[in-house]
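Given next are the chains, with one letter for each unit.
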Amino acid sequence: MSEQRVAVAKTYKLYVGGAFSRSESGRSYPVTGARGEFLAHAAQASRKDARDAVSAARKAFPGWSGATAYNRGQVLYRVAELMEGRRDQFLAEVSAAEGTNGRRVQSLVDAAIDRWVWYAGWTDKIATVLGSANPVAGPYFCFSVPEPTGVVAILAPQSSSLLGLVSVLAPVLAAGNTAVVVASQDRPLPAVTLAEVLATSDVPGGVVNLLTGRTAELSPWLASHADVNAIDLTGAPAPLRTELERTAAGTVKRVLRAPASEPDWTRTPDITRLRAFVETKTVWHPMGA
Amino acid sequence: MTREQVWEYAPAPESRDVARLKPAYRMFVDGEFVDGTGEPLKTVNPATEEVLAEVGTASPADVDRAVRAARRAHDRMWGRMPGAERAKYLFRIARLVQERARELAVLETLDNGKPIRESRDVDVPLVAAHFFHHAGWADKLAYAGYGPDPRPLGVAGQVIPWNFPLLMAAWKIAPALACGNTVVLKPAETTPLSALVLAEICQQADLPPGVVNIVPGAGDVGAELVNHPGVNKVAFTGSTEVGKLIQRAVAGTGKKLTLELGGKAANVVFDDAPLDQAVEGIVNGIFFNQGHVCCAGSRLLVQESVADELLETLRRRVSTLRVGDPLDKNTDVGAINSAEQLARIRELAESGDAEGARRWTSPCPLPDKGFFFAPTVFSEVQQSMRIAREEIFGPVLAVLTFRTPDEAVAKANNTPYGLSAGIWTEKGSRILWMAQRLRAGVVWANTFNRFDPSAPFGGYRESGFGREGGRAGLEAYLDV
Numbered sequence: 001m002s003e004q005r006v007a008v009a010k011t012y013k014l015y016v017g018g019a020f021s022r023s024e025s026g027r028s029y030p031v032t033g034a035r036g037e038f039l040a041h042a043a044q045a046s047r048k049d050a051r052d053a054v055s056a057a058r059k060a061f062p063g064w065s066g067a068t069a070y071n072r073g074q075v076l077y078r079v080a081e082l083m084e085g086r087r088d089q090f091l092a093e094v095s096a097a098e099g100t101n102g103r104r105v106q107s108l109v110d111a112a113i114d115r116w117v118w119y120a121g122w123t124d125k126i127a128t129v130l131g132s133a134n135p136v137a138g139p140y141f142c143f144s145v146p147e148p149t150g151v152v153a154i155l156a157p158q159s160s161s162l163l164g165l166v167s168v169l170a171p172v173l174a175a176g177n178t179a180v181v182v183a184s185q186d187r188p189l190p191a192v193t194l195a196e197v198l199a200t201s202d203v204p205g206g207v208v209n210l211l212t213g214r215t216a217e218l219s220p221w222l223a224s225h226a227d228v229n230a231i232d233l234t235g236a237p238a239p240l241r242t243e244l245e246r247t248a249a250g251t252v253k254r255v256l257r258a259p260a261s262e263p264d265w266t267r268t269p270d271i272t273r274l275r276a277f278v279e280t281k282t283v284w285h286p287m288g289a
Numbered sequence: 001m002t003r004e005q006v007w008e009y010a011p012a013p014e015s016r017d018v019a020r021l022k023p024a025y026r027m028f029v030d031g032e033f034v035d036g037t038g039e040p041l042k043t044v045n046p047a048t049e050e051v052l053a054e055v056g057t058a059s060p061a062d063v064d065r066a067v068r069a070a071r072r073a074h075d076r077m078w079g080r081m082p083g084a085e086r087a088k089y090l091f092r093i094a095r096l097v098q099e100r101a102r103e104l105a106v107l108e109t110l111d112n113g114k115p116i117r118e119s120r121d122v123d124v125p126l127v128a129a130h131f132f133h134h135a136g137w138a139d140k141l142a143y144a145g146y147g148p149d150p151r152p153l154g155v156a157g158q159v160i161p162w163n164f165p166l167l168m169a170a171w172k173i174a175p176a177l178a179c180g181n182t183v184v185l186k187p188a189e190t191t192p193l194s195a196l197v198l199a200e201i202c203q204q205a206d207l208p209p210g211v212v213n214i215v216p217g218a219g220d221v222g223a224e225l226v227n228h229p230g231v232n233k234v235a236f237t238g239s240t241e242v243g244k245l246i247q248r249a250v251a252g253t254g255k256k257l258t259l260e261l262g263g264k265a266a267n268v269v270f271d272d273a274p275l276d277q278a279v280e281g282i283v284n285g286i287f288f289n290q291g292h293v294c295c296a297g298s299r300l301l302v303q304e305s306v307a308d309e310l311l312e313t314l315r316r317r318v319s320t321l322r323v324g325d326p327l328d329k330n331t332d333v334g335a336i337n338s339a340e341q342l343a344r345i346r347e348l349a350e351s352g353d354a355e356g357a358r359r360w361t362s363p364c365p366l367p368d369k370g371f372f373f374a375p376t377v378f379s380e381v382q383q384s385m386r387i388a389r390e391e392i393f394g395p396v397l398a399v400l401t402f403r404t405p406d407e408a409v410a411k412a413n414n415t416p417y418g419l420s421a422g423i424w425t426e427k428g429s430r431i432l433w434m435a436q437r438l439r440a441g442v443v444w445a446n447t448f449n450r451f452d453p454s455a456p457f458g459g460y461r462e463s464g465f466g467r468e469g470g471r472a473g474l475e476a477y478l479d480v
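Chains as they are written, first to last, in UniProt numbering: chain A, 1 to 289; chain B, 1 to 480.
Don't read these hints as lab results, they were simulated from the structure. Mixed in with the good hints there might be a few duds.
What the hints assert, rightly or not - Restricting the straight-line Cα-Cα distance to at most 27 Å, the calculated cross-link-like pairs of lysine-lysine (DSS-like) are:
{"id": "1", "chain 1": "A", "residue 1": "K125", "chain 2": "B", "residue 2": "K22"}
{"id": "2", "chain 1": "A", "residue 1": "K48", "chain 2": "A", "residue 2": "K10"}
{"id": "3", "chain 1": "A", "residue 1": "K48", "chain 2": "A", "residue 2": "K125"}
{"id": "4", "chain 1": "A", "residue 1": "K59", "chain 2": "A", "residue 2": "K48"}
{"id": "5", "chain 1": "B", "residue 1": "K140", "chain 2": "A", "residue 2": "K59"}
{"id": "6", "chain 1": "B", "residue 1": "K411", "chain 2": "B", "residue 2": "K22"}
Predicted model, so just to flag it, every value in this text is computed and none were measured.
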């Protein structure tokens with residue numbers, strides 16, 4: 001009689017400030033697969049967890065935004081390397097979460113890995129493409145450079161648990177921002193595994209902070225938080241979008257609005273998402289002998 | 001104590017006749033000047049408190065008419081016109097502004113109170129330059145980095161402030177038109193005249209009807225315009241307080257929004273800076289346009305070791321600023337734009353006294369009539385004081401000190417604003433180090449308050465979002 005080995009099940013936690021923790025509230029919620037089967041419990045983050053995540057992101061901002069573009073590019077490329085090594089795990093988790101199988105799920109996971117590579121290559125080109133030398137009418141040297149906006153709150157897409165998440169997170173990081181991400185509410189498990197990849201890659205702690213839980217509960221706190229500079233509403237529940245945008249006005253946040261329906265993430269991206277989270281800084285200096 | 005002037009200046013007033021002031025001005029809709037059905041307003045010369053003209057204002061029905069005219073113009077013609085043809089209209093406008101430069105400068109000074117030297121040498125030349133620069137973009141948008149065929153948004157609703165009335169109109173109208181949008185613009189309640197003369201220039205340029213519409217009025221007209229469902233794009237320059245209201249109002253509508261809001265810029269002077277040059281820059285930074293400048297260098301951060309010497313030189317220099325008749329070519333500081341703004345400046349200055357800062361006021365004589373405020377420097381200012389935190393929008397400088405570059409950066413960034421900043425030092429590496437760390441959209445190193453249509457301008461954080469000028473500025477008016 002062959003003995004069936006019992007698998008070691010994973011505890012899915014929040015990822016805040018480079019550490020995996022349960023919600024300070026002690027709450028969790030059951031996550032089911034596409035066919036309704038129980039997969040695991042995920043931590044149900046609270047307002048306090050969201051605030052801790054913002055603090056961690058703010059703390060990490062000077063280091064990450066101040067790193068060289070070459071360094072950031074290598075760090076993001078390393079994320080792709082580590083994801084490749086966990087490809088089977090991502091296939092299983094995305095398949096369970098989204099109910100897709102075979103070549104379809106392979107293409108989703110492969111595209112997610114390739115997306116890191118694409119954005120990794122952008123880090124040292126953003127300033128070249130979006131910056132400018134300004135031919136002002138006077139004896140001044142004047143140039144403009146894009147700089148990261150700061151701490152970006154991301155409401156990740158609700159359907160595409162991994163590719164969608166990577167598609168919204170990678171550009172934010174490539175531009176030098178730090179992030180607080182609220183994962184897909186009902187499909188959070190691939191996101192937590194991605195956090196494990198980030199934790200073991202060279203992304204400094206606090207650069208990405210991942211919360212799982214109720215998007216509707218967490219998003220208002222992020223939209224109103226004075227230390228959040230921008231918010232991506234892509235995964236915001238439709239009935240909340242207008243109110244979140246209104247709330248964001250309280251501190252003049254940059255708002256990336258949600259598209260009418262979730263985009264096809266398998267399409268090759270453009271630089272819209274890089275542009276959305278940079279500020280143009282113009283510097284002047286006189287010329288003279 | 002009155003300081004002896006080195007030279008006596010004879011008055012050298014520019015003739016107000018040059019402004020061709022009319023007793024009444026009307027709004028401009030669909031290519032024609034028409035009577036607005038709102039309550040007419042009287043615009044006042046802030047230097048004399050005399051009424052300059054009566055100006056018709058727009059009712060909600062008038063705003064609607066203007067937006068419809070702009071829509072028709074966009075859909076039927078302007079949005080489809082080849083860029084090369086749109087460009088020629090903008091070049092014409094630039095030329096007409098140059099031809100009528102003196103008239104525009106005098107009119108601006110009468111309505112706004114700014115010194116003629118500034119309206120003549122800064123505002124109006126920059127207006128022409130802005131149209132000229134953007135004219136060239138109209139048929140080159142494919143090269144701007146927003147894809148091969150970037151499309152206009154449609155109708156732009158634009159609300160502008162009173163501090164640079166004509167220049168702000170140019171900053172709004174020129175890029176909008178170059179990108180193929182049509183506009184409905186609301187000038188500020190206290191300074192509507194130059195925008196209406198610009199409307200006349202649009203007529204002279206044969207700009208097709210409806211492409212530019214000007215609807216004067218107060219904040220309610222602005223709100224009507226911003227909230228109009230026929231508007232695709234909202235652009236606002238003004239206070240952060242109103243900017244937040246507009247961002248709230250626009251939420252959920254899908255309208256594209258850009259905001260250029262308030263500031264509390266740090267002007268940082270290191271101990272190795274050439275002090276005389278720095279003092280000129282500080283004076284330009286805070287007293288240019290009476291300090292009615294969103295990017296004014298209103299917080300002076302001086303390295304402690306040179307603070308006493310710099311303050312003494314600064315006070316001596318500020319004492320020589322001539323405050324008075326804005327039409328006089330010798331005037332350095334003109335009139336505060338309105339009684340309301342004067343009251344706000346006074347109230348904030350009093351808070352500086354109450355909170356324990358040390359006030360120094362220029363001993364310059366002030367005119368008997370009109371709204372004037374003598375250049376004022378507060379020293380011994382703490383970061384917690386209102387004069388260090390709130391935008392005063394007047395000729396009032398708050399001076400703080402620092403010891404290390406890190407402290408300078410921390411203090412400079414200790415504000416919810418982030419529009420501009422200044423650095424004064426001879427050390428190149430320190431300039432670049434500082435420029436990288438200052439969270440502000442424009443950083444002037446060893447200069448201040450420079451503007452150019454090719455140089456993107458706009459804020460970080462609560463100073464707003466979006467840029468005006470240059471390639472970056474086109475994004476605000478393209479569907480990208």
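Those earlier numbered hints the structure runs against, lowest number first: Numbers 1, 3, 5 and 6, in rising order.
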